[in-house]
Amino acid sequence: MDELMIKVSDVTKEYRLGAIGGTTLREELQRRRAKRKHLEDPTLKIGETRADSNERFMALNGVSFEVKKGEAVGIIGHNGAGKSTLLKLITRITAPTTGDIYLNGRVASMLEVGTGFHQELTGRENVYLNGAILGMTKKEIDAKMEDIIEFSEVRQFIDTPVKRYSSGMYVKLAFSVAAHLDSEIMIMDEVLAVGDVAFQNKCIQKMREVADSGKTILYVSHNMATIRALCDRCIVLDHGQTVYDGDVNTAIGIYMKVADDAEKIYYGPDDLLRGNHCTLEHKLHSVEILDSNTNHFMYGDLIKIRLGWESPDSDANLELKVLFINSARGVVGGSFLGKLEHSEGLNYADITIDTRYFVPGSYFLNLKLYNQIDQGNVITYDTCEALAFTVEHSEKSIHLREWYNNWGSAVLPCLRHVEEKE
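The letter at position 393 of the sequence shown is residue 392 when you use numbering that gives the first Met the number 0, and the numbering goes up by one with no holes.
Don't read these hints as lab results, they were simulated from the structure. Treat the hints with care, as some may be off.
Label pairs and their calculated CB-CB ranges [as the list claims (entries may be wrong)]:
hint	residue 1	residue 2	range
1	ASN316	ARG355	28 to 36 Å
2	GLU318	PRO268	16 to 24 Å
3	HIS117	ASP141	13 to 21 Å
4	GLU208	GLY337	20 to 28 Å
5	VAL330	LYS67	56 to 64 Å
6	LEU345	HIS295	54 to 62 Å
7	ASP312	ARG207	47 to 55 Å
8	HIS221	ARG355	25 to 33 Å
9	SER166	ARG35	43 to 51 Å
10	LYS162	ASN316	41 to 49 Å
11	ILE92	SER212	22 to 30 Å
12	GLU149	SER212	15 to 23 Å
Cut-off 35 Å, straight-line C-alpha distance, at most; resulting in silico cross-link-like pairs (DSBU-like, lysine-lysine) [to be verified]:
hint	residue 1	residue 2
13	LYS143	LYS68
14	LYS282	LYS367
15	LYS162	LYS138
16	LYS6	LYS138
17	LYS68	LYS6
18	LYS87	LYS201
19	LYS201	LYS67
20	LYS6	LYS205
21	LYS138	LYS87
Even glycine gets a Cβ: it sits at the ideal position worked out from N, Cα and C.
Input sequences plus hints: build the corresponding full structure.
In structure tokens:
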């Protein structure tokens, strides 16, 4: 069981920014000619600049770790921390600048939806293709074909070209192939983000079974609930370096502090992590903690928060929803502020949060500015994530059961009281 399966030794990966620009041969010759004559780049659009090709970027810097047989190891970190780059090095899609990577066994990887699938081939043909890439014989693949089809839940479309699959069908078949074909190491990069909830739970159970059978798993995800459910060890990356390697719950706590900038108490327009598919006709402007110079609170404290939004129309019907997300990115509570009284321009609403409704842990806000026209018909103007805060143990929290602390639940009263800033 202690057999070494993966060893990453002092690995770095360096990129030269702007060294390869997606231009044609003709444009590249024009660029070189202009550079010799000290002229502006004729291939650039107005206002566009090109990175200096001598500028370096360290995607990974001195990463080292080992993974033993049967381990399920999570890799977490903010966007750009180097997680996907690391997996590409391990799967030999690209080579490290310095350092060594040792693999002991065949690798089944799924770095994005449909990795290794040929668009023109059917689902069944792609199963054979993936198996052949892993070095399996047709007889070995035939023996597993029925299990793969049954698990994937796409039996009806297995002989249809995968270019006609939805993203959900893609991920179901791709995961099923990776989980069932003969490989000693499974590498997954955020692959469960597309599948439905039932299939995600099914995949987690399957991956747990795979790890218990002696296979090794590397799993990258921003979903802390799946990391917690699947992994028995976790590595945290930050700006290309390993900042922690060990207990899953400790790793998640470190990740939340790094990812959400846990020392900030004010988030302006440029700090809000906005969602997609919003009209932005009315926009969230800021989130701020009042009457405190820290976002660390003791259990029982009151947190005063000011929410800001911009509106070009004082007659518009606006509503605001506040959700609280825990370190596993699960919704643990929230409320609706109801109809907002507002004027044209910048507006504020103040709310007070009682930390007695939270168990000790890390949280952040998810805000939604919208207009509910009628039942089931909603216009979403803006959504964002912001403002991490921590609730710490105190004498008042001793009565909380330990399993509540692990669960991270919160039951909140309705936050309907709105105060306009003068």
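Hint check:
{"no.": "1", "hint": "ASN316 x ARG355: 28 to 36 Å", "result": "holds (33 Å)"}
{"no.": "2", "hint": "GLU318 x PRO268: 16 to 24 Å", "result": "holds (20 Å)"}
{"no.": "3", "hint": "HIS117 x ASP141: 13 to 21 Å", "result": "holds (20 Å)"}
{"no.": "4", "hint": "GLU208 x GLY337: 20 to 28 Å", "result": "violated (47 Å)"}
{"no.": "5", "hint": "VAL330 x LYS67: 56 to 64 Å", "result": "violated (35 Å)"}
{"no.": "6", "hint": "LEU345 x HIS295: 54 to 62 Å", "result": "violated (29 Å)"}
{"no.": "7", "hint": "ASP312 x ARG207: 47 to 55 Å", "result": "holds (52 Å)"}
{"no.": "8", "hint": "HIS221 x ARG355: 25 to 33 Å", "result": "holds (30 Å)"}
{"no.": "9", "hint": "SER166 x ARG35: 43 to 51 Å", "result": "holds (47 Å)"}
{"no.": "10", "hint": "LYS162 x ASN316: 41 to 49 Å", "result": "holds (43 Å)"}
{"no.": "11", "hint": "ILE92 x SER212: 22 to 30 Å", "result": "holds (26 Å)"}
{"no.": "12", "hint": "GLU149 x SER212: 15 to 23 Å", "result": "holds (18 Å)"}
{"no.": "13", "hint": "LYS143 x LYS68", "result": "holds (23 Å)"}
{"no.": "14", "hint": "LYS282 x LYS367", "result": "holds (10 Å)"}
{"no.": "15", "hint": "LYS162 x LYS138", "result": "holds (26 Å)"}
{"no.": "16", "hint": "LYS6 x LYS138", "result": "holds (32 Å)"}
{"no.": "17", "hint": "LYS68 x LYS6", "result": "holds (11 Å)"}
{"no.": "18", "hint": "LYS87 x LYS201", "result": "holds (26 Å)"}
{"no.": "19", "hint": "LYS201 x LYS67", "result": "holds (25 Å)"}
{"no.": "20", "hint": "LYS6 x LYS205", "result": "holds (25 Å)"}
{"no.": "21", "hint": "LYS138 x LYS87", "result": "holds (30 Å)"}
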